[in-house]
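A.B. asks: Generate coordinates for the entire structure from the input sequences, incorporating the hints supplied.
Keeping their order, the protein sequence lines are chains X and F. The working numbering puts the first residue of the first sequence at 1, with every later residue one more than the last. The working numbering puts the first residue of the second sequence at 1, with every later residue one more than the last.
If you're looking for bench data, these hints aren't it; they were derived computationally from the structure. Relax, there's no trap hidden among the hints.
Distance ranges between label pairs, derived from CB positions:
1. F:74 x X:18: 46 to 54 Å
2. F:193 x X:43: 42 to 50 Å
3. X:284 x F:133: 34 to 42 Å
4. X:10 x F:253: 52 to 60 Å
5. F:88 x X:235: 43 to 51 Å
6. F:198 x X:291: 26 to 34 Å
In this text, a Cβ means the ideal position worked out from N, Cα and C, and glycines have one as well.
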Amino acid sequence: MSETASPRAPTDWKGNAMQRRIRRRYAAERRFRWLGLGAILISAAFLAFLLVTMIGKGAGGFRQTEIRLDLDFPRTGLLASSTGGEIEGAVAAAADAQFGPDGARLLSDSAWTRVERAIERDPSLLQRKETLWLAAATNVDTAYKGNGDAGSEAIVSRLDQRDVLRTSFNTDFLVSADATDPASVGIWGAFKGSLLTMIVTLALAFPIGVLSAVYLEEYAKRNRWTDFVEVSINNLAAVPSIIFGLLGLAVFLNTLHLPRSAPIVGGLTLALMTMPVIVIAGRNAIKSVPPSIRDAALGIGASKVQVVFHHVLPLALPGILTGTIIGMARALGETAPLLMIGMRAFIATPPAGIAAPASVLPVQIFLWSDEVSRGFVEKTSAAIIVLLVFLLAMNGLAIYLRNKFERRW
Amino acid sequence: MNDMQTMTAETRLSNDAAPKMTARDVSVYYGAKKAIDCVSIDVSQEHVTAFIGPSGCGKSTFLRTLNRMNDTIANARVDGAIELDGENIYAPSMDVVQLRARVGMVFQKPNPFPKSIYENVAYGPRIHGLAAGRSEMDAIVEQSLKRAGLWEEVKDRLQESGTALSGGQQQRLCIARAIAVEPEVILMDEPCSALDPIATAKIEELIHELRGRYAIVIVTHNMQQAARVSQRTAFFHLGNLVEYGETSEIFTNPRVERTKDYITGRYG
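C.D. replies: Pasting the structure below:
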């Protein structure tokens with residue numbers, strides 16, 4: 001081990017060049033921290049902007065303008081057996097009497113249903129005078145909230161002087177379905193449609209996805225076929241969703257003749273889309289289970305199935321659930337494939353089951369955002385808030401499940 | 001006569017009445033690579049057998065052929081015959097799950113299940129249906145933990161996670177788990193390599209106590225350990241069984257030059 005021809009000079013740790021290098025290093029560290037902080041701030045700002053806009057615009061959708069109407073039931077001649085049409089006529093007449101000609105048009109199209117419900121609740125109402133608060137028509141509603149046209153503003157200020165207007169929480173929005181009149185639309189129909197669709201999606205995509213992941217990771221031999229399957233699944237996860245819509249249209253509607261616009265078809269289509277996501281997440285979760293656990297179980301004579309179901313899957317479950325929720329969240333917000341299978345129809349009643357015609361939240365938002373009437377603007381934002389709450393609830397559930405099943409080894 | 005020809009390694013042992021396990025001309029391939037070359041060896045019931053040799057010599061690979069753990073490696077292939085009580089364990093009629101219950105294994109790194117201590121021990125008996133009821137299972141768990149010398153330390157916290165124990169306790173839990181299914185043979189793959197000296201001493205003591213009840217095969221890097229715990233030692237080198245004999249003989253009077261070099265620390 002003799003010295004080489006040119007021995008290295010001793011490093012000058014205190015020299016200027018070294019000091020400069022240290023300063024540059026510190027500067028780089030600082031720069032990187034600021035860049036990271038900036039990135040976080042920008043994304044937080046985007047999120048805050050989204051939430052503030054949505055809540056600001058949508059909050060009105062959860063509130064409803066109501067008009068006070070005095071009803072002298074004995075004089076209207078209504079009976080407990082009166083039809084909806086008769087009640088509607090009596091309400092219109094009372095409104096005309098109190099607010100002058102066209103008074104009936106100040107009320108929303110479905111205002112009379114509230115009178116009908118009141119009579120159902122308490123038939124003795126028919127024997128006396130009663131004051132009821134009824135939903136106002138859309139133009140009154142928007143004008144009272146400050147977004148109306150000049151004509152409506154005038155009407156509202158006239159009514160306001162008589163102190164017959166108020167706003168209250170719009171329970172109708174949460175319990176009814178789509179309607180032509182923005183004052184009487186509700187989100188429940190679309191919400192229930194989304195819920196049913198998600199149930200179908202989950203019931204199909206989760207077991208099939210997890211079983212595929214288990215088979216590919218634990219059973220399949222590594223060869224050209226499994227490589228091919230793997231590449232195909234990865235590609236499938238990247239296919240634009242509208243293609244899945246076309247596939248659903250061709251297979252489920254045209255070939256299998258399943259009912260159009262139903263949660264079952266929507267669920268099947270979205271399951272096709274979600275499955276690859278679950279397979280990929282599941283495979284990664286299964287891969288991350290330490291091999292020593294498999295060895296331990298095999299070493300005391302557990303069969304392959306026992307190893308998978310007693311040890312591997314429970315340990316992989318948190319990861320699988322995370323992937324599933326990501327896939328489901330994507331499916332929940334998906335609009336394009338559902339348009340292809342006819343889920344854009346106007347559905348005025350909440351779906352009775354998975355084979356009944358239904359709307360879903362994102363399509364409902366899409367449809368309402370297309371409407372000309374001003375009343376739909378805040379309803380659209382309100383529907384977006386409902387969708388976001390649905391998503392948050394799903395994510396919350398995922399986090400809860402993940403923490404519940406998470407085990408360390 | 002045939003045996004004399006195939007047993008190529010330097011082997012000198014007084015003949016056992018009936019060895020527990022016998023391997024004849026066992027070769028193991030990983031793809032095209034030959035990891036074990038024509039190894040023939042007998043494992044006796046009464047003795048602890050140690051496999052020693054430098055890293056990569058194939059001693060762990062060979063150990064894993066004894067309970068067919070190599071089956072889990074995709075491109076591994078085993079030639080030759082391995083018999084447990086005269087029964088070929090690679091025969092199609094041999095149920096590999098049952099084989100692994102009869103030939104238990106303890107691994108290099110303690111690998112308790114992320115479940116309670118009780119569940120760790122009870123798992124094997126449960127999947128093989130060895131306990132008829134709760135009280136019988138309790139008895140099996142207690143007995144196994146006692147034999148593994150862990151009972152006194154954990155009897156008050158059987159429901160706590162097995163992964164919360166110290167490394168040495170975890171390894172003894174793994175031994176308790178292995179003996180809970182009453183195996184005939186216990187294979188130990190460097191069971192102390194991840195443990196501190198005190199934990200190692202406890203495991204070695206345990207091996208002494210288990211000797212006789214189970215046939216024990218232990219792979220170790222540590223030659224002192226082989227000398228301490230085993231009665232028979234096999235020296236592996238480059239996939240070959242170089243020498244196999246009484247531990248005292250191997251360590252004091254090796255016949256083969258390579259064994260002598262390894263034991264005296266010339267390489268390893």
